Amino acid sequence: MPLFTSTSFASTSASGTDWRDTSKKVLEQLESVRHNPDSFNLGFLYISDHLAEDATSIFNLFKSVLKIDNWVGSVGMGVIGCGKSYIDMPAISAMVGKFPEDSFCVFPADEDAQDSEASSDDDADELSFQENIKAWLASNTPMLTLVHGDPMAIHDPQTFMRELENTTNSFLVGGLTSSRSKHYQIANAVRHNAVSGVFFADSVPVATTLSQGCAPISELHTITKSDEFTILELNDRRALDVFQDDLRVLAAKKLGKKPEEFIGDLKSMEASDYIPKEFKSLFKGQVHVALPFSQSDQKDYMVRNITGIDPDEGSISISENVMTGGHITFVERDEQSVAADLSRTLVTLRKRIQAERGCFEPKAALYVSCVARGFSEKTSNSEDEMHLIKDIIGDIPLTGFYAGGEINNARLYGYTGVLTLFF
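So the sequence shown is numbered by my numbering: it starts at 1 and just counts up by one.
Worth flagging that the hints you see were computed from the coordinates, not collected in a lab.
Keep in mind the model is a prediction, meaning the values are calculated, not measured.
Heads up, the beta-carbon is just placed ideally off N, CA and C, and yes, glycines get one too.
Please note: incorrect hints may appear among the correct ones.
[As the list claims (entries may be wrong)] Heads up, simulated EDC-like pairs for lysine to aspartate or glutamate below, C-alpha to C-alpha not over 16 Å straight-line: (1) Lys67 - Glu131; (2) Lys225 - Asp310; (3) Lys351 - Asp310.
[To be verified] DEER-style ranges, computed between Cβ atoms: (4) Gln130 - Pro205: 24 to 32 Å; (5) Pro100 - Val33: 16 to 24 Å; (6) Leu3 - Glu335: 23 to 31 Å; (7) Asn60 - Ser181: 31 to 39 Å; (8) Arg180 - Asn409: 27 to 35 Å; (9) Asp69 - Glu356: 27 to 35 Å.
Construct the entire structure; sequences and hints are all you get.
Right under this line is the structure:
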């Protein structure tokens, strides 16, 4: 993988046979631009879960070779570089940057925490009150906070994210670690059972955007009866009946037919020879439930899986607690909707920055994508995603990973992509 550089950043990524081989490939590239010990002062390090057991060795090697004390990052089932993704293989993606002195603060602050099995931050809810963080926050206003969370942590990462947001009034982006092995994060040490990351002061110019990767297939529905994770009624009708009506409309639209031509229930539609094979996926996990954060902005929603259907009860169960009086819409996720929404989002961001700054010249980027987008049935999807970002944003230093949940504005999303640009 080539080296990407700008005035203040450099990034590269590589796959290899083991942690030593992979680290060597990445470090050889980054060492070539380290002209003096003060050239870079913050590193971003993302390690595929194939190498999770060696995370401490990798971190210590990068810190020692590159002479950078401050590092943040995570393990992921896939990692991301500029125009490139590495899925289900030993891989490392890294980026180093030069930031103004005292313009960032890595948390938590325990500099002595090294791997005993990796440091464990059981008192995660107290991290925001550590002395060095309090001192930094007293003299800086964090505009952006990059966070990495352990989904297996004792403390709910979402609770701590809300606390961070309330304490700092900053905009939180990042992701939850995804791994089939250790769920490690990096914050000046290799950690687990924690939320960690880095605050950036308002002197660091940034821009962020969120790509949903889904397309609504229905109008907004009102939950008129529910029970925890189960939606019993929508719009005073059986929830399953409403869902099937929306699927008929979607299938008819794709086939150029009328919705009334699709007669029967979900099971009969799925088995029907009338529906081409390529559309059978509509009934097998391609359609999800979206819960808008507000009725006023229905484009901002979190997507959750449909986990069960009860034909007798006419109910739908999803992977999120719902409440009567709330709202949902059904959305479709496929390679076309992912690409279309990502393209639209990036072009909109580019135009906005151009209008605000008079030019579009980002120096570096962080990208956190959903692991489901990387582990698609079509292996080219993740590559297409990264090529699209490269085509629209440019050949700039970029790093990131495929997360088990994406964080944007302190909210936990699914099936999305979160892009952060540094200027």
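Hint check results:
Straight-line distance between C-alpha atoms of Lys67 and Glu131 comes to about 25 Å, which puts the hinted pair past the 16 Å bound. Between the alpha carbons of Lys225 and Asp310 the distance comes to roughly 15 Å, so the proposed pair stays at or under 16 Å and holds. As the CA atoms of Lys351 and Asp310 are separated by approximately 46 Å, the hinted pair breaks the 16 Å bound. Taking 24 to 32 Å as the suggested C-beta distance range, the pair Gln130 and Pro205 conforms, at roughly 27 Å.
Between Pro100 and Val33 the Cβ separation comes to about 19 Å, which falls inside the hinted range of 16 to 24 Å. At roughly 30 Å, the beta carbons of Leu3 and Glu335 sit within the given window of 23 to 31 Å. As the Cβ distance of Asn60 to Ser181 is approximately 19 Å, the hint placing it in 31 to 39 Å is violated. Here the CB-CB span from Arg180 to Asn409 is close to 29 Å, well matched to the stated 27 to 35 Å.
For the pair Asp69 and Glu356, the beta carbons lie near 33 Å from each other, so the given range of 27 to 35 Å is met.
Checked against the numbered hints above, the structure breaks hints 1, 3 and 7 and satisfies the rest.
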